[in-house]
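Residue numbers (the numbering used here), protein chains in the order written: chain R, 1 to 402; chain L, 1 to 402.
These are computed hints drawn from the structure, not numbers from a lab.
In this text the structure is predicted, and so the values were computed from the model without any measurement.
Cβ coordinates follow ideal geometry from the N, Cα and C atoms, glycine included.
Errors might be hidden in some of the hints.
Only pairs whose alpha carbons sit at most 20 Å apart, straight line, appear in this in silico EDC-like list of lysine to aspartate or glutamate [what the hints assert, rightly or not]: (1) K128(L) to D144(R); (2) K88(R) to E234(L); (3) K64(R) to D106(R); (4) K142(L) to D144(R); (5) K53(L) to D106(R); (6) K53(R) to D49(L); (7) K88(L) to E52(R); (8) K53(L) to D45(R); (9) K53(L) to E319(R); (10) K53(R) to D48(L).
Just some of the chain L residues that point at chain R, by a computed CB distance under 8 Å [said to hold, decoys possible]: (11) E52; (12) A54; (13) N58; (14) I79; (15) A83; (16) A356.
Number of protein chains: 2
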Amino acid sequence: MALIVKKFGGSSVADAQRVFNVANIIINDYKKGNDVIVVVSAQGDTTDDLIEKAEEINPAGASKREMDMLLSAGEQISIALLAMAIEKLGCPVISLLGWQAGFNTDSHHSIARIKNLNTERIRNEIAKKNIVVVAGFQGINKYDDITTLGRGGSDTSAVAIAASMNADLCQIYTDVDGVYTADPRKVDTARKMDEIAYDEMLELATLGAQVLNNRSVEMAKKYNVELEVLSSLENKPGTKVKETVKMEKTLIRGVAKDSNVARISVVGLEDTPGVAFKIFNKIAQYKINVDIILQSVGRDSTKDITFTVPRDQGKLAVEAIESIKGGLNYKDIVVEEDVAKISVVGAGMESHPGVASKMFEALYDAGINIQMISTSEIKISVLIDAKYADKAVKVVHDAFIG
Amino acid sequence: MALIVKKFGGSSVADAQRVFNVANIIINDYKKGNDVIVVVSAQGDTTDDLIEKAEEINPAGASKREMDMLLSAGEQISIALLAMAIEKLGCPVISLLGWQAGFNTDSHHSIARIKNLNTERIRNEIAKKNIVVVAGFQGINKYDDITTLGRGGSDTSAVAIAASMNADLCQIYTDVDGVYTADPRKVDTARKMDEIAYDEMLELATLGAQVLNNRSVEMAKKYNVELEVLSSLENKPGTKVKETVKMEKTLIRGVAKDSNVARISVVGLEDTPGVAFKIFNKIAQYKINVDIILQSVGRDSTKDITFTVPRDQGKLAVEAIESIKGGLNYKDIVVEEDVAKISVVGAGMESHPGVASKMFEALYDAGINIQMISTSEIKISVLIDAKYADKAVKVVHDAFIG
């Protein structure tokens with residue numbers, strides 16, 4: 001007998017048939033004698049429909065407090081329907097909203113952080129042998145206002161419950177059956193991994209593998225919650241995410257592509273001290289996440305600074321720099337959005353020199369030019385022309401794994 | 001400067017355009033310096049859509065606790081959207097769910113009663129000069145579970161707030177512009193009333209005038225809350241509902257039709273004491289509302305008992321009686337659903353004999369047979385064949401008012 005937390009995304013509960021599919025997965029584990037807590041997102045397109053309604057009212061953007069009030073209705077609907085399906089199949093169940101489940105957050109509407117999770121109600125319901133269905137993505141702040149946790153918030157909700165309840169396993173159900181060494185739709189030699197370390201998963205998530213939300217992996221690592229990524233449509237084991245994993249023959253764990261990148265170049269900067277500080281201090285004030293940074297000497301004793309940001313923050317980054325034009329001499333700002341970042345990730349690579357050169361060789365052989373390079377202990381990333389992105393993933397994957 | 005509570009039904013906020021229409025009505029009063037609290041129902045068809053989703057999952061009927069969880073999402077969506085529209089128009093506003101607004105109810109899911117209303121949050125928001133938009137129809141019980149107040153619940157929410165906050169006026173916006181002496185779609189001489197007494201309104205609501213929910217009128221009477229029924233589409237005064245109203249020349253206040261009636265006849269009952277008690281005790285145990293009761297002597301020293309119930313409870317009433325067949329001798333039970341109840345209401349009639357005879361005369365002249373009669377101090381009701389219902393309303397209305 002174990003305590004299992006299961007999280008289902010919006011597509012897993014998109015219609016009545018899928019709701020019953022999920023209900024059966026839950027009941028299957030419950031009938032084996034396990035305690036089961038379920039976290040669920042809003043159904044399929046509900047969130048998009050609600051956003052559309054809000055945009056009809058205020059295209060410039062409603063207040064975040066009211067957006068949270070609106071969007072959190074989506075999970076309320078899905079938990080009630082899932083509970084009804086479990087009832088119908090004859091098992092005891094109760095649905096709980098974020099605040100009923102004890103999610104107390106800070107007041108940053110739309111991107112709230114969990115401050116604490118009061119599990120009293122969940123524990124009581126589990127003690128009554130109820131299956132507990134919790135609305136993901138939502139909580140309340142100290143004023144009793146509803147907050148939402150931002151992108152991937154339901155994953156975070158699930159891991160938070162698993163951590164607070166000392167769950168034996170936290171299963172994240174998605175529409176893929178695990179974590180692959182590369183996108184299996186693009187690379188036919190991609191393999192599903194049985195296990196992956198938290199750090200490797202974090203790099204892959206950051207790099208656009210998009211299987212698991214980063215905050216939830218960070219939290220799982222911090223509280224040592226064993227995760228499993230698996231499919232709600234196929235009944236087979238997925239990929240376990242944990243602290244240490246068995247060594248495998250391959251050096252690298254996966255190859256990821258991130259197309260959500262823009263490259264910003266500030267060209268012809270006066271070569272005086274403090275230029276980089278001025279730029280990145282302002283960028284930080286605008287709350288823009290900078291990834292790779294490259295500084296190079298330009299002509300005429302000027303220099304260029306190039307960096308990458310998430311694509312949708314490209315224009316904002318230009319704005320940020322233009323806002324300090326008075327205190328910063330430069331010739332031009334160039335924004336390039338047709339770029340992609342390709343990364344190899346693997347905890348083994350730090351003790352194995354030659355990973356970088358093997359990657360660069362594979363790209364060179366394929367005639368793909370490298371624009372920027374960034375490395376960490378368990379990752380090597382390169383920026384390339386977006387049109388070669390899929391090809392690059394394939395040739396790099398083949399060089400290491402295929 | 002006054003404190004005004006305004007309630008808008010689902011059709012008043014059915015789409016973005018109507019939401020803005022309502023927002024403008026609210027802002028108009030707010031800008032005059034009034035404090036404004038708004039109670040709103042779920043948008044247009046939202047509730048029906050949610051019920052449909054639930055029926056897809058469990059056609060036999062989900063638990064009421066989960067239905068309340070599901071349906072209360074409807075008002076959550078509408079309060080957020082209305083608040084966004086008010087924001088967009090530049091006024092300070094905050095939306096509150098039932099539990100945030102302090103609605104504490106008993107645990108009778110789907111038909112919960114308000115136990116108390118903790119107005120602290122509403123008072124704080126009013127003190128901050130916010131327009132307060134409250135989700136009607138919903139509250140929480142002592143376990144922190146969401147409850148709903150049943151049919152017309154948003155009216156009840158509005159009157160409860162008006163009573164607790166000592167509001168100067170509680171305006172109920174509908175798609176009609178007030179209370180009429182008869183249904184204006186059926187009777188072209190029907191007149192809108194400027195004022196009507198609580199008791200008269202109660203009789204009219206019970207009798208199927210369906211402008212205001214009965215529980216809300218009862219509560220308004222109990223706490224002396226002045227109500228106004230008016231249209232959200234036309235900017236003109238509606239009908240005020242209050243304790244005492246000016247005497248008018250007409251004896252009667254209105255003519256109402258109630259088609260939601262079934263007549264049950266228990267025929268050939270043994271003529272022994274306690275028969276009526278046995279029947280109506282059992283009917284009460286089944287929680288069936290009995291309206292008119294008629295007992296008559298039948299043939300062969302038997303008697304018949306005939307009574308009316310809401311149409312959808314007709315079958316249940318038959319079940320109730322059949323369940324005591326062992327202790328009750330009768331020949332047959334006859335259910336007649338093609339009946340309607342026509343009533344005249346007016347506080348003035350008790351001091352004016354002849355109202356009943358004038359009503360019966362009008363029906364006789366029109367060739368309409370009366371099946372049953374019931375009277376109270378301010379009301380006379382007759383049961384007739386359903387197919388003559390509209391004609392009956394017209395001839396009775398013309399006799400008194402037209």
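Q. Of the numbered hints stated previously, which ones are contradicted by the structure, given in increasing order?
A. When the structure is compared with the hints, numbers 2, 5, 9, 11 and 16 turn out to be violated.
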